[in-house]
Amino acid sequence: MQLSSISSSHARGLLAGAAALLLLAVSPVFAQRHLEKQFTVLAHPLVTLHNPSGKVIISSWDKPTVKVVADHDSPKIAVEAQQVDNRVDVVTHLLSDNISPSELHTNYVITVPEDAELQIHSDSGSLNISNILGDMTVETIAAGIEAENIGGYLVVQTVGGAFQCMRCTGRIEVHSISGDIRLIDDHSSNIFAQTSTGSILLDGDFLANGIYRLKNYSGPINVRFSPGDSFDVEATSLYGKVDNQAKLVPPRHARRRPPHFAQTLFGSFNQGRAKLEISSFNGIINIHKRD
Amino acid sequence: MAPMHCREFLQFAADWMEGRRTPAAVSHLTGCSGCRALLADLEAIRRAAALFPEEQPSPRLWPAIKAQLHAEGLLRAPRPAWRERFAAFGALRPALAGAYLSLIIVGAMLLGANSKFSRANDRALWFQSTERTVVPLAVELRSAEKKTMPVLQSEDNDVTATLNRNLAIVDNMISLCEKGVRQHPQNEMMRDYLYSAYQQKADLLATVADSEGR
Amino acid sequence: MGIVARTRRIENGELPEADAIRLAQQGDAPAFERLYQLHYRRVYSLCLRMVGNTAEAEDLTQEAFLQLFRKISTFRGESAFSTWLHRLAVNVVLMRLRKKTGSETSLEEVTEPDEESGGPRRDFGGPDLGLSGSIDRVNLQRAIDQLPAGYKAVFVLHDVQGYEHNEIANIMGCSIGNSKSQLHKARMRLRDLLHEAERQRAREEREAFKHDAAGED
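Protein chains in written order, with my numbering: chain A, -6 to 284; chain B, 28 to 241; chain C, 44 to 260.
Check the hints yourself; a few may be wrong.
As the list claims (entries may be wrong) - Calculated cross-link-like contacts (lysine-lysine; reagent style DSS-like; alpha-carbon spacing at most 30 Å):
id : chain 1 : residue 1 : chain 2 : residue 2
1  : B       : K93       : A       : K60
2  : C       : K142      : B       : K93
3  : A       : K56       : B       : K93
4  : C       : K142      : A       : K60
5  : C       : K142      : A       : K56
6  : A       : K30       : B       : K206
Unchecked claim - Taking beta-carbon pairs under 10 Å as the criterion, some of the chain A residues facing chain C (in silico):
id : residue
7  : H37
8  : R80
9  : D82
10 : E110
11 : D128
12 : M129
13 : Y146
14 : S182
15 : F185
16 : D198
17 : A201
18 : N202
19 : V242
20 : P243
Hints are computed from structural coordinates only; laboratory data are not their basis. All of these numbers come straight from a predicted model, not from anything done at the bench. Here a beta-carbon is modelled for each residue, glycine too, at the ideal position from N, C-alpha and C.
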């Protein structure tokens, strides 16, 4: 009796093993490509990334090291990361002319010293950058960009990707065509944001002597203010509307005469310490109190 | 006029050094050798500082900087490997470079034409002037766009879709701005928007050339 | 302008700054050198006045120009190039000074002892210690070396290099009012330091005289 029980359980074990082997045999084999490299750098390293598509996450740590982790599924992709003195270049190479969009995806997690400078070019996917004090240039076509706690001069060029910057303190310059731009809780003294059909939201601090210029063609431009803020404002929409909740007094400075057919608003709020210039071709400009 | 005391003059001293004068301050100085001595000291410091010569570093400084720039590859334009595969699109670049040059000329003319026509106040003259400069530019951009069409039509991915969509957006903007300029040719802001729209189109076509059909 | 003519102008060092910037943004080596030639003396002088020794000043100048050339593609022309460069250079120097002192040195944070409690300092019983006509470069540089970093930067930019307060505000990222206030405090501190140096010299001379007189007896 015992022997037959044992042989039954043994047979079951054998069957289970065979099934597993069979599954492995018929499952597609995914050639997981993975690169992990670290580079020791000095102060203010320059890190560049050229990637056609994928998810990119960049953050900082307190080590004098740049760490690059890359993952992709396609054998038609090769990732190269190399260092020349205090500069680290990361490039996604295409090994074939015949690559489908899904094969292009290469995901990166890059960790840099907080004073690093970045130059990033990624056509699509997503970019998430946080806690960097160095200057940064980001170019993309369709990737969405989220930046947080950035301290340096940030220049963003995007075609259709949305851009969001939270708690950034350096100078910010954004150029987009259809991407939305959201600037939230920033503490910057110089912001320039231009989009054509995207919306713009400015909801941060107005620093004394700060300059904030927002421009679009259509779509809404929303500016939020608190009772304690202080700015001179000039807002013009050629064919759209300007809706303002700030109690303004006439400005101290001369200004150019707006066209008679446009909707224009100008004046000083409190002492007019910062300068706010907003223009739209036919969009709506809203200057509203924060809730 | 209430007399100024030394304590008050000390607070005013910074303004005095910036060139500000008040009768009270002048009067105080006349009778106060201590404050006169203070100002004389501050002036002496300012004069002495201005006499510091411009110093010269050692001649090996530039070679050291240049060597570092070479080492970092900054003294040549970086070209990621994937761009080298599509050299055929190099032919597009001169057309776009020409477009950029035209934009600079157009921009300067549109923004600088005020003085020429403001006295004339003639809408027709404004419009003719704008048209003369903008039409050749529009032709050049259309020609550059035709060369990019095979690229944009050959691929089906979100990058190409984004580029196509945004080209349509920019064309629409140009059309609206041209209409606006025709209606209000003297309006500087309107012309500025038209100029920006053309610039965006040129930038976008350059991006298409760079993306190389991915 | 044709490429040949432009090349000749670069070789002759005549290339206008705007052209040099544009070419440098494309990685053109002679254009980099042109920008260096246009600005290196002022940058080096600034660094030298701030740190007081030539080796470190050269090191800082090199670092400032390297940072400039690394980020030249981000220069958009909204401020004067020299202002942008000087902002970089000042930041490089202040970072170095912060590392040395081990603390964050902010323009706003420096506090001064209250110098305005009475009248101007009056020295009794000593030689005439007016500074007029008696400040030499060495003593002034020694006094500048003892200034806090923020005061030093504003003083060097304004009184040594001749920048106006609105330019300094741009360079230092502060308000014009702050720049004026810090400049005045810097000059007042320098005055105290220079007077102290004078008194020390007078004391040493008196000691030396006494020593010589005692020796002769």
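Next item on the list: Hint by hint, work out which the structure violates, then give me just those numbers in ascending order.
Entry: Of the numbered hints given earlier, those the structure breaks are 6, 9, 16, 19 and 20, listed in rising order.
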